[in-house]
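Sequences are here, hints too, so could you generate the full structure?
In order, the protein sequences belong to chains A and B.
All the letters of the first sequence, read from the start, carry residue numbers 1 to 326 under our numbering.
All the letters of the second sequence, read from the start, carry residue numbers 1 to 326 under our numbering.
Because the hints were derived from the structure by calculation, they are not lab data.
Check each hint, because a few of them may be wrong.
Any copy will do: because identical chains look the same in the list, a pair fits if it lies in one copy or spans two.
With a cut-off of at most 25 Å between alpha-carbon atoms, the simulated SDA-like pairs for lysine to any residue come out as follows [claimed, not checked]:
#	residue 1	residue 2
1	262	57
2	262	287
3	308	277
4	262	301
5	262	277
6	308	278
7	262	46
8	262	35
9	308	280
10	308	247
11	262	307
12	262	195
13	308	198
14	308	255
15	308	284
16	262	70
17	308	251
18	262	241
19	262	273
20	308	206
21	308	273
22	308	274
23	262	209
24	262	296
25	262	251
26	308	241
27	262	186
2 protein chains.
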Amino acid sequence: MSSTASITDRLLAGDRTALARLITWAENGDERFPEALSAVYGRVGQGWRVGITGPPGAGKSTLVNEMARLQRAQDLTVGVLAVDPSSPFTGGALLGDRIRMEDRTMDQGVFIRSMASRGSHGGLAKAAVDACDVMDAFGLDSILLETVGVGQAEYDVLEAVDTVAVVLCPGAGDGVQAMKAGLLEVADVLVVNKADQPGADRLIADMNEAIHVRFLPDRDWEVPVVPCSAGTSFGVEDVLAAIADHRAYLERTGLAEVRRAKRLIQIRQVVDAGLSEALWDRRGFGDLADRELVGERTPYDVADSILKTVLAEISAAPTATGGTPA
Amino acid sequence: MSSTASITDRLLAGDRTALARLITWAENGDERFPEALSAVYGRVGQGWRVGITGPPGAGKSTLVNEMARLQRAQDLTVGVLAVDPSSPFTGGALLGDRIRMEDRTMDQGVFIRSMASRGSHGGLAKAAVDACDVMDAFGLDSILLETVGVGQAEYDVLEAVDTVAVVLCPGAGDGVQAMKAGLLEVADVLVVNKADQPGADRLIADMNEAIHVRFLPDRDWEVPVVPCSAGTSFGVEDVLAAIADHRAYLERTGLAEVRRAKRLIQIRQVVDAGLSEALWDRRGFGDLADRELVGERTPYDVADSILKTVLAEISAAPTATGGTPA
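Structure follows, in structure tokens:
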């Protein structure tokens, strides 16, 4: 399609409108997106992607704004993607600050976008990866992906990034809760924001102990606990330095492999969704399930027999040339 | 397993501890759950399941508490399942009110539980259906499933219920946003809470117009717009009456078919998850994808060729006896 070719050409030429359009395609799962991504894929891989997550109220938005400001001062181009899996409402509080930030400076070096779950039909994590890919191909040096909450959907979205910064603060979502929720396991950098408030020293000490003693004994990367106060810009440079350290660590120990592993997760999602569509929407598994759903058979019973049928088909198939797994 | 049999016997005998245990199994995707559900499935289908959803701040929790109180006064047993897909933190604000409510009365006719996304590994919607099933088998007359937000995960959870009540209020998440977000499409009953506040009349009028004119022309069921003020209990009886009307409508027009359709969605989820596990974790599709992920091939390109391989296998398989779809 000529429109796909022209939009990818414009993206590579630095046209922000084309970038916005391609992110919309990613968000909507537009059928033209895979071809567009192919056309620009050679340019993907230069930008550094940082996920910023943590409980509501931890000050993630303020921190992201401040990080973007400091990176612009270093002449880096910055993309901000604010992702809210818990809401189909676009905009609102999430985007308000950012629009003001962009308007104020009319800065062509900052690109800001929010994504909500509306229109993504459950594929928000994939849409976020796709959006990061096009921001990356566009040439943004730093891509900051901020989540609103800390649920499973947010964790899935974090598969898109290179470095995960978990933001905590005294009071809102304390350290014990963060441990229980598995937040420490996903963190590459632990930020204790509002470090000038009561309870911050205790939280920092708790997090240092948790990191060193209990949670991550097998990882080579020692997760730093970085105090800051994004509202006054205190410590935000330290956060950026910790992220740079993590980047250097990954580049030293095999960044390509890490990113490849993330790509495999993406591939699995696309294959599984395509397989589901092929079996249910095109091959009539729904009718099969309907016939088997009789009497007091539970959905689990029915699912089990359908699964056996399809797996038997695959096992019985002749070995395909060159591609069938052992 | 004797433990599974004894726990289901205890559930059917009215043991609340057994109910709590089985919901935990559902939440964790415990491998004993399917067998346990089979054992009690004959008792599933008596309780009425109501989903209460809407934007944060609309007053859902207050409404649910008041609905439960009124239903208890009618001598109905009530289960409350508060579901928060946006947080892996259990308890907190979500559960606080409810624990107080249960403690205060020591009422054996109310069962309260919260579910967060922690531990559910993305399968929160399935876990919610499973939890409703065991609450239903336990014998609760009314099951109130409350969501925290209004994102895709919440919409998925609502597949578990018979009647969806969407709660709006003046100010928080206005009518236009609700329409854009597709909230009206999922509503069986539209509740305008805080109906004594400024803007309520306008919101009620807008919603009535939206329902009648623009959104649901093809449905037999005319979605009622019910004003209430849960804080003062005003109108909550009307909400319950509207839900009873919707129940009567479904029972008249084919409740069994509606519930069957929901079961099919569940079956699809279980089959798809099982198929994904079989192909990737046991049959080495990951290695296949890894071999194909070369050069500038995008994840979409690789997914496409894997998908073609597996679908060719299924098409090439000999027709299974008695179960293969056309």
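How the hints compare with the structure:
no. : hint         : verdict
1   : 262 with 57  : neither (29 Å within a copy, 37 Å between copies)
2   : 262 with 287 : between (35 Å within a copy, 14 Å between copies)
3   : 308 with 277 : both (18 Å within a copy, 13 Å between copies)
4   : 262 with 301 : between (34 Å within a copy, 15 Å between copies)
5   : 262 with 277 : both (23 Å within a copy, 17 Å between copies)
6   : 308 with 278 : both (17 Å within a copy, 10 Å between copies)
7   : 262 with 46  : within (16 Å within a copy, 45 Å between copies)
8   : 262 with 35  : within (20 Å within a copy, 35 Å between copies)
9   : 308 with 280 : both (15 Å within a copy, 16 Å between copies)
10  : 308 with 247 : neither (45 Å within a copy, 37 Å between copies)
11  : 262 with 307 : between (27 Å within a copy, 19 Å between copies)
12  : 262 with 195 : neither (33 Å within a copy, 49 Å between copies)
13  : 308 with 198 : neither (58 Å within a copy, 58 Å between copies)
14  : 308 with 255 : neither (39 Å within a copy, 30 Å between copies)
15  : 308 with 284 : both (16 Å within a copy, 18 Å between copies)
16  : 262 with 70  : neither (28 Å within a copy, 51 Å between copies)
17  : 308 with 251 : neither (44 Å within a copy, 35 Å between copies)
18  : 262 with 241 : within (24 Å within a copy, 51 Å between copies)
19  : 262 with 273 : both (17 Å within a copy, 19 Å between copies)
20  : 308 with 206 : neither (49 Å within a copy, 51 Å between copies)
21  : 308 with 273 : both (19 Å within a copy, 13 Å between copies)
22  : 308 with 274 : both (19 Å within a copy, 10 Å between copies)
23  : 262 with 209 : neither (29 Å within a copy, 47 Å between copies)
24  : 262 with 296 : between (42 Å within a copy, 15 Å between copies)
25  : 262 with 251 : within (15 Å within a copy, 48 Å between copies)
26  : 308 with 241 : neither (52 Å within a copy, 45 Å between copies)
27  : 262 with 186 : within (14 Å within a copy, 34 Å between copies)
Violation of the numbered hints given earlier is confined to hints 1, 10, 12, 13, 14, 16, 17, 20, 23 and 26; the remaining hints are satisfied by the structure.
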